[in-house]
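Enquirer: In the numbering used here, the protein residues as written are 1 to 279.
I should point out that these hints are in silico values taken from the structure, not numbers from a laboratory.
One thing to keep in mind: the hints can contain errors.
[What the hints assert, rightly or not] Straight-line C-alpha distance at most 20 angstroms; calculated PhoX-like pairs for lysine-lysine:
#1 K200 <-> K233
#2 K202 <-> K235
#3 K235 <-> K200
[As the list claims (entries may be wrong)] Simulated DEER-style distance windows between Cβ atoms:
#4 E154 <-> Q14: 23 to 29 angstroms
#5 G214 <-> E158: 22 to 28 angstroms
#6 N10 <-> A160: 23 to 29 angstroms
#7 V93 <-> P17: 22 to 28 angstroms
#8 T73 <-> K149: 32 to 38 angstroms
#9 E138 <-> L236: 14 to 20 angstroms
#10 E25 <-> H173: 57 to 63 angstroms
#11 H113 <-> S152: 38 to 44 angstroms
#12 G51 <-> S6: 17 to 23 angstroms
#13 R213 <-> T73: 46 to 52 angstroms
Predicted model only: the values in this text are computed from it and were never measured.
Note that the Cβ used here is the ideal one computed from N, Cα and C, for glycine as well.
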Amino acid sequence: MTNWISALANLQDQGEPCVLVTIIEELGSTPRNAGSKMVISATQTFDTIGGGHLEYKAMQIARDMLDRGQQNTHLERFSLGASLGQCCGGVTVLLFEPMVQVQAQIAVFGAGHVGRALVPLLASLPCRVRWIDSREQEFPEYIPQGVRKIVSEEPVDEIADLPVGSYCIVMTHNHALDLELTAALLKRNDFAYFGLIGSKTKRIKFEHRLRERGFDPAQLQRMRCPMGLPEVKGKLPVEIAISIAGEIIATYNARFGQHSASAEPIAKLLPASRRSQAI
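Please work from the sequences and hints to get the whole structure.
Expert: As structure tokens, then:
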């Protein structure tokens, strides 16, 4: 059996939500002492607070909290008698603590100047990042915690492995590769956000080529290019990175828990005064 502290570390490293359950009070005869803990994810449990129907009820409560995306802690008192199907006769109080849920699974394609400025910013947020490039030498020596470096000769192939509802950022060194990544992402069409680095001119050229491939206007509208908050000016890599990170934060705060491919474009999440600048 994996102990709770190792399980908690592994789940958080993988970005999988879970609930930490702790016995905070015991009265009379109970299966385990105060301080005993277990970790409950959507599909697994780790360690134990004593087994039996008490543990079953704890699993129900924890998974209901996960389903609802509950962030606040919860206390519940259990009498370990006939009503709970246990014969200990004591009383146990459980504390349910949702661990910080990852708000965005992000894929960054490109390890150039802006990518190297952006990824550390994203890594400091409640996010998990896949950082993808074919050029291993472009990655820095230190990769932040929560970031998975992927060196791939065919970055487009990595799109098939992205979780539904991912936030996708394309900023490679090659416009032809940017186009292929864009086409593959729009074809999947189940991302929460897709931003393509570039100017309005680049967008016009890409839209023309994508229409020739059969993409319709509704699909093209989901592409953010130029991407980033228009209020954040500047052309330095860190300035561009801050602008993009700000837009990511605004997007996941507005739609946390939504993973539908039919969700509204980012422009509709912005105040009316800024929508005209967001297209």
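Enquirer: Hints first: check each against the structure and report whether it holds.
Expert: Against the structure, the hints:
A distance of roughly 16 angstroms separates the Cα atoms of K200 and K233; the hinted pair therefore holds under the 20 angstroms criterion. Restraint check: the Cα-Cα separation between K202 and K235 comes to about 16 angstroms, which is no more than 20 angstroms; the hinted pair holds. Distance check on the hinted pair: K235 and K200 sit about 15 angstroms apart at the alpha-carbon level, within 20 angstroms; holds. Separated by about 24 angstroms at the C-beta atoms, E154 and Q14 satisfy the suggested range of 23 to 29 angstroms.
Taking 22 to 28 angstroms as the suggested C-beta distance range, the pair G214 and E158 conforms, at roughly 23 angstroms. Distance hint for N10 and A160: a CB-CB separation of about 25 angstroms, consistent with the stated range 23 to 29 angstroms. At roughly 23 angstroms, the beta-carbon separation of V93 and P17 lies within the given 22 to 28 angstroms, and the hint holds. In this structure the hint that T73 and K149 lie 32 to 38 angstroms apart at CB holds, the actual value being about 35 angstroms.
At about 18 angstroms, the beta-carbon gap between E138 and L236 stays in the expected band of 14 to 20 angstroms. Between E25 and H173 the beta carbons are some 59 angstroms apart, a value that agrees with the proposed interval 57 to 63 angstroms. Our hint of 38 to 44 angstroms for H113 and S152 is violated, since their Cβ atoms are close to 20 angstroms apart. Here the CB-CB span from G51 to S6 is close to 20 angstroms, well matched to the stated 17 to 23 angstroms.
A hinted range of 46 to 52 angstroms holds for the C-beta pair R213 and T73, which are about 50 angstroms apart.
In this structure, the one hint that does not hold is number 11.
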